[in-house]
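A.B. asks: Sequence:
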Amino acid sequence: MSDAGNDPKGQAAGGYRVLARKYRPSDFTSLIGQEPMVRTLTNAFSTGRIAQAWMLTGVRGVGKTTTARILARALNYKTGTVDQPSVDLSVPGEHCKAIMEGRHVDVTEMDAASHTGIDDIREIIEQVRYAPVSARYKVYIIDEVHMLSTQAFNGLLKTLEEPPPHVKFIFATTEIRKVPITVLSRCQRFDLRRVDASMLTEHMRGIAGQEQIGVDDEALAMIARAAEGSVRDALSILDQAIAHGAGTVTAEQVRTMLGLADRARVVELFEYLVKGDVAAALNAFRAQYDVGADPVAVLTDLAEFNHLVTRLRFVPSAINDASLSEEERGRGAEFAKTLSVRVLSRSWQMLLKGIPEVQSSNRPVSAAEMVLIRIAHAADLPTLDEALKSLSDGSPVSSGAAPRQSPGQAPTQPGNGANPPQSRMVATSSGSGQTMRLVEPAEKPVEFTPAPEPVAEAPAVAVRSLEDIAALADTHRDKLFKISLKQYVRLVRIEPGRLDVSLTGDAPKTLLGDLTTRLKSWTGRQWIVSLSREEGGKTLAEAETARRDSAILDAKSDPAVAAILSRFPGAKVIDVRIPDATEIQSDENSPPPEPADDDDIDS
Numbered sequence: 010m011s012d013a014g015n016d017p018k019g020q021a022a023g024g025y026r027v028l029a030r031k032y033r034p035s036d037f038t039s040l041i042g043q044e045p046m047v048r049t050l051t052n053a054f055s056t057g058r059i060a061q062a063w064m065l066t067g068v069r070g071v072g073k074t075t076t077a078r079i080l081a082r083a084l085n086y087k088t089g090t091v092d093q094p095s096v097d098l099s100v101p102g103e104h105c106k107a108i109m110e111g112r113h114v115d116v117t118e119m120d121a122a123s124h125t126g127i128d129d130i131r132e133i134i135e136q137v138r139y140a141p142v143s144a145r146y147k148v149y150i151i152d153e154v155h156m157l158s159t160q161a162f163n164g165l166l167k168t169l170e171e172p173p174p175h176v177k178f179i180f181a182t183t184e185i186r187k188v189p190i191t192v193l194s195r196c197q198r199f200d201l202r203r204v205d206a207s208m209l210t211e212h213m214r215g216i217a218g219q220e221q222i223g224v225d226d227e228a229l230a231m232i233a234r235a236a237e238g239s240v241r242d243a244l245s246i247l248d249q250a251i252a253h254g255a256g257t258v259t260a261e262q263v264r265t266m267l268g269l270a271d272r273a274r275v276v277e278l279f280e281y282l283v284k285g286d287v288a289a290a291l292n293a294f295r296a297q298y299d300v301g302a303d304p305v306a307v308l309t310d311l312a313e314f315n316h317l318v319t320r321l322r323f324v325p326s327a328i329n330d331a332s333l334s335e336e337e338r339g340r341g342a343e344f345a346k347t348l349s350v351r352v353l354s355r356s357w358q359m360l361l362k363g364i365p366e367v368q369s370s371n372r373p374v375s376a377a378e379m380v381l382i383r384i385a386h387a388a389d390l391p392t393l394d395e396a397l398k399s400l401s402d403g404s405p406v407s408s409g410a411a412p413r414q415s416p417g418q419a420p421t422q423p424g425n426g427a428n429p430p431q432s433r434m435v436a437t438s439s440g441s442g443q444t445m446r447l448v449e450p451a452e453k454p455v456e457f458t459p460a461p462e463p464v465a466e467a468p469a470v471a472v473r474s475l476e477d478i479a480a481l482a483d484t485h486r487d488k489l490f491k492i493s494l495k496q497y498v499r500l501v502r503i504e505p506g507r508l509d510v511s512l513t514g515d516a517p518k519t520l521l522g523d524l525t526t527r528l529k530s531w532t533g534r535q536w537i538v539s540l541s542r543e544e545g546g547k548t549l550a551e552a553e554t555a556r557r558d559s560a561i562l563d564a565k566s567d568p569a570v571a572a573i574l575s576r577f578p579g580a581k582v583i584d585v586r587i588p589d590a591t592e593i594q595s596d597e598n599s600p601p602p603e604p605a606d607d608d609d610i611d612s
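Going by my numbering, the first residue of the sequence shown is number 10, and it counts up by one from there.
Heads up, a few of these hints could be off.
[Unchecked claim] Think about it this way: if two alpha-carbon atoms lie no more than 20 Å apart in a straight line, the pair counts; the simulated DMTMM-like pairs of lysine to aspartate or glutamate are:
1. 284 <-> 389
2. 346 <-> 336
3. 547 <-> 509
4. 488 <-> 476
5. 547 <-> 504
6. 518 <-> 544
Rather than coming from a laboratory, the hints here were simulated on the basis of the structure.
Could you put together the complete structure from these sequences and hints?
C.D. replies: Structure, rendered in structure tokens:
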């Protein structure tokens, strides 16, 4: 459902409106991709279990603000026959148009990015005491609520927990982790999902039909992939493509406009890589780069196709995805039948590690070519399982080179993991000619050497936080790396063998590589360190500063310290040191001081 009226070209009285605004949903039936939330709200409204506050979270463009307005409309729904909250908004009510246009007196929208202080929240707290002017509820919609200051959040807590019966709060945010848990616990939370690419494609196809615009299916698939689940981004790109193509949208125009890689060429490049043809792979990559494709986009599309082929091995029905091109469907199914999961997993890991390298490199083209060379070189290498099987069976490994023994080395025995002595055919002469007979080699006596006693393996080093990595740096006396780690690295997530971080703007370009190398050296295992687009938590330096400021603030509030500061004007607390457990124990075990003599007391 849209509010475009009968104007197919969008030329309203106030001028042209972009597609994202023109086709903005006005009720729950036209809100695509959020069925779980709609079902929950429908059941809640039908049973009268309406919450006092909602928290809407999700990536940009999935409909958080739009959902907030629709929810405000549903709370204040009133027609000639219906006078109660309802999610069935098929018939426009008395307050619907004003609410959806953001001009209703009882529905207040506030952007927390520009109203972050406690004074803005005080105004809301003062206003909630008064009854609504004309609607059923006073509704406060606070967008980007994570931008509020700590004082503003604290000031809102009491009102949010026990609001008047005529007040409802609706919050929207893209950074749910920055919202205090005390606020989240007082709200019903809805996570708005990214919209599926096939659903986005169908949605844009319907809008293009209403706009009387000719659009290729492949162009719609490209736009849906570029939007990454955001409806607003998809419609904005479609709007730009319509203008770029002067009323028609083709795949070639969208590819040129967005600097995307040709999907058919991506499939061709993938084929060269799995065949190990380095020269052809580099030529195919250069051909895409010369026509404007971004190196990161090429590698990202390669990773997506690699994932598609792997997925088709286990979920053949995934081939029916509307966002896939015919080339991807046909060739993807062929690769899924011929390539092993080990090969696909290896190329996926190399692409996953190579993409951040290209993003952070000063020479992205060269970095991308080196990633492709590594993948193509590894294509004909045996996996670890295959290499071990070749050694145990006595068959040659892929390189064709037999292992050589060092001079003076004793022959290895069967059962120790080496090849057993091989039989050989020899020719013998007789009166009637030569005959062949099988000769078993005589085993040479081997001097018995007692096996060394097993050495206990060193316990695995557990790394669960940035503090653990900093402790390892201390252990290995790497002070410079520890300083960089504390100053520039923000933790996003960590699990065994994988670390996702974000970096501050002034971080050294080699920091990710240094972190990967040191983790492998210090823990004895391979680590995948990825640069995340998420902001992450505080750096260790920021956390230490916050703890120090908090400790100083607590010290100043101590009565004894406050008395000292008042006794000595100009004195101030510059540091707080807390003794560790060993110091406290030693103080407790020490004998009490002897009482002073009267002569020692200064009167």
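A.B. asks: The structure should be examined with respect to each hint, and the outcome stated for every one.
C.D. replies: Status of each hint after checking the structure:
Between residue 284 and residue 389, the direct Cα distance comes to roughly 8 Å. Compliance with the 20 Å bound is thereby established for this hinted pair. Simply put, residue 346 and residue 336 have alpha-carbon atoms about 16 Å apart, close enough for the 20 Å limit, and the pair holds. Distance hint between residue 547 and residue 509 is fulfilled; the C-alpha atoms sit about 14 Å from each other, no more than 20 Å. Between residue 488 and residue 476 the CA atoms are separated by roughly 14 Å; this keeps the pair inside 20 Å, and the hint holds.
Of the pairs offered as hints, the one joining residue 547 and residue 504 holds, with about 18 Å between alpha carbons and a cut-off of 20 Å not exceeded. Restraint check for residue 518 and residue 544: satisfied, since their Cα atoms lie roughly 17 Å apart, inside the 20 Å limit.
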